[in-house]
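Enquirer: Read off the chains here:
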Amino acid sequence: MDRTKDYLKIEKRARTGRLISNIVIYTLLALWGLIVLFPFYWMLLTSVKSYGSYNAEHVPSFITLSPTLQNYVDAFTTVSLGKYLLNTLIFTLSTTAVMLVVITLAAFAFARLDFKGKNLVFTLFLSLMMIPNELVVITNFTTITNLGMRNTFLGLILPSVTSVFYIYLLKENFAQIPDELYYAAKVDGTSDLRYLRRVMIPICRPTLITIIILKIIECWNSYVWPRLITDNPDYYLVSNGIQEIRENGFGRENIPAMMAAVVVISVPLIVLFLVFRRKVMAGVARGGTKG
Amino acid sequence: MDNKNTKGWLYLLPAFLFLGAFLIYPLIDVFVYSFEEGYNSASQTFSGTGLYNYSYVLHDPYFLRAVQNTLILVVITVPLSTGLALLISVALSSVKPLRDLFQTIYFLPYVTNTLAVGLVFMILFKKTAYSDGLVNLLIQGFGGNSVDFIGGPYWAKMFVLCFYTVWVVMPFKILILTSALASVNPIYYNAARVDGTPKWRIFTKITLPMISPMIFYLVITGFIGAFKAYSDAVALFGTDLNAAEMNTIVGYVYDMLYGNSGGYPSYASAAAIILFSIVLTITCINLLVSRKHVHY
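Listed in order, the protein sequences are those of chains A and B. Read in order, the letters of the first sequence correspond to residues 1 to 291 in our numbering. Read in order, the letters of the second sequence correspond to residues 1001 to 1296 in our numbering.
If you're looking for bench data, these hints aren't it; they were derived computationally from the structure. Incorrect hints may appear among the rest.
Cβ pair distances, simulated, as ranges [said to hold, decoys possible]:
1) B:G1262 <-> A:L89: 39 to 47 angstroms
2) B:N1260 <-> A:P178: 57 to 65 angstroms
3) B:G1151 <-> A:L154: 16 to 24 angstroms
4) B:G1144 <-> A:V101: 40 to 48 angstroms
Computed cross-link-like contacts, DSBU-like style, restricted to lysine-lysine with a CA-CA straight-line distance of at most 35 angstroms [claimed, not checked]:
5) A:K279 <-> B:K1199
6) B:K1199 <-> B:K1292
7) A:K118 <-> B:K1007
8) A:K186 <-> A:K171
9) B:K1199 <-> A:K9
10) B:K1007 <-> A:K116
11) A:K5 <-> B:K1199
12) A:K118 <-> B:K1004
13) A:K171 <-> A:K116
Being a predicted model, the structure only gives us computed values, none of them experimental. Note that the Cβ used here is the ideal one computed from N, Cα and C, for glycine as well.
Using the sequences and the hints given, assemble the complete structure.
Expert: Following this line, the structure appears as structure tokens:
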């Protein structure tokens, strides 16, 4: 009888211990979640406050009873936010498209074709991954300036259409496709290019999609190169656009309209992330660099 | 055979052209630039070769300020963000319900535009004529004195910069550490539990050694990333970082290249090369240290 009581007591103590540790853990998790989410909440909230009511609040309120969409209208009419978004879209899509062609061809050559010096060239390629962007940007800036390509999409796009890392990632994936498929296709008289298009690309679609998503995120958020290469607001991307809006946009104090612009810029990527959540996270875990 | 060779190179040609023009040639050129003295970007001539650019940069008070800022940023944010990420990842891995939700939320900063969200941080911390800003109101609520974090004293600005940097780099670290924790073989934990090992001991003797390669990876990438800090600072303090005393080494390089104080690719090159000698040295030291502490 005594024994059973002891067991009950021990069990009870263990349960309380688990409960306490769970409370501590969830508090910690919720706290960090709050820190992460709060800026997002704040920008949404501020973006629907009217200019007058925002400036009348000495102590900013945490909710607003009279939301307005006027700031969003302002963001598209007073400053050229639409233009910045369009530029970014063009830049992102064309950079990603050209890059896909370039890296697919290169990865195919490394994974499938045999030619002299392939291994040496591949090793050299890999060593290129260690070159930091900040070192080469100086000369690239001069090159593009000398070519007269400042304030053009070509100047924006050209330096970022190759990525050694993505070539490596794709090559590894291509190499997993069994050789037999290739020989069978050869027997049937399929050309290399057709084999690449019809067999390899469909098989490796998951990797390609991951690469596309990572590249889109990178392009959408790129700031340094566009800032160097464009000084004409007609060619600004969103990052430079938001900086421009901040420094001489609505007048310094129209914070709600600024926040509306921030929301508009942030939403596309957040939606993309929520839709492809697992792909994005798996992709970043394999090859992310920020941080 | 010959046909085969040509074909292989043909497929590589586009990649080669782009890499050659925008990666290999610039890498060589940046060293050339850094030794050309008195380079004039309008006429593209220079007066001599030597180490003058390096000595100019090393004596430039703006550069020294940038080095100081970058070093403070590195020393504070790398250990802080790695430690915090470890804490959160361990907490995250020990619970089941809501884990997916938390993971999704924690990853959000990764996919947002640094410049755009930086504006929100600026507003939260900034003190203006009509409102002290939310953070200052909180400080006052706890009985403290309000500080202008964006245009005020140096330590306050540095605090915001560190805070924002940690906020930005956490998603990547949490992601890497949670997947590292998930890949530890449960056999070890079960064996330890059979022996009645206390939790803290399990953590220090099993979990930490098992994930130490990943922690080490994060420390190295963290160092490299923090040394290259730039857009976070721009997001908070605007493009004129020298005036805000908040410039970073990378910011100094870009300012030398372009903008109001720009037009000096030679100085920019010298500064960039100095930066990467520092980064390379620290990475090598990291590698040496890790030999002793990382279990592969």
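Enquirer: Now tell me, hint by hint, if it's right for this structure.
Expert: Taking the hints in turn, this is what the structure says about them:
Separation of G1262 (chain B) from L89 (chain A) is about 29 angstroms and departs from the stated range, judged on CB atoms against 39 to 47 angstroms. At about 59 angstroms, the beta-carbon gap between N1260 (chain B) and P178 (chain A) stays in the expected band of 57 to 65 angstroms. As the Cβ distance of G1151 (chain B) to L154 (chain A) is approximately 39 angstroms, the hint placing it in 16 to 24 angstroms is violated. Range check, G1144 (chain B) to V101 (chain A): about 57 angstroms between beta-carbon atoms, so the 40 to 48 angstroms window is missed.
Proximity of K279 (chain A) to K1199 (chain B) is assessed by CA-CA distance (about 34 angstroms); at most 35 angstroms being required, the pair is judged to hold. In summary, the hint linking K1199 (chain B) to K1292 (chain B) is supported, as the alpha carbons are separated by about 25 angstroms, within the 35 angstroms threshold. Between K118 (chain A) and K1007 (chain B) the alpha-carbon distance is near 12 angstroms, which keeps this suggested pair within the 35 angstroms criterion. A hinted pair counts as satisfied when its Cα atoms are at most 35 angstroms apart, and K186 (chain A) with K171 (chain A) qualifies at roughly 20 angstroms.
A hinted pair counts as satisfied when its Cα atoms are at most 35 angstroms apart, and K1199 (chain B) with K9 (chain A) qualifies at roughly 21 angstroms. For the proposed pair K1007 (chain B) and K116 (chain A), the alpha carbon gap of about 11 angstroms is at most 35 angstroms, so the pair holds. Under the criterion of a C-alpha separation no larger than 35 angstroms, the hint pairing K5 (chain A) with K1199 (chain B) is consistent with the structure, at around 26 angstroms. Our distance criterion of 35 angstroms between C-alpha atoms is met by K118 (chain A) and K1004 (chain B), whose separation comes to about 12 angstroms.
For the given pair, K171 (chain A) sits about 18 angstroms from K116 (chain A) by alpha-carbon distance, which is consistent with the 35 angstroms threshold.
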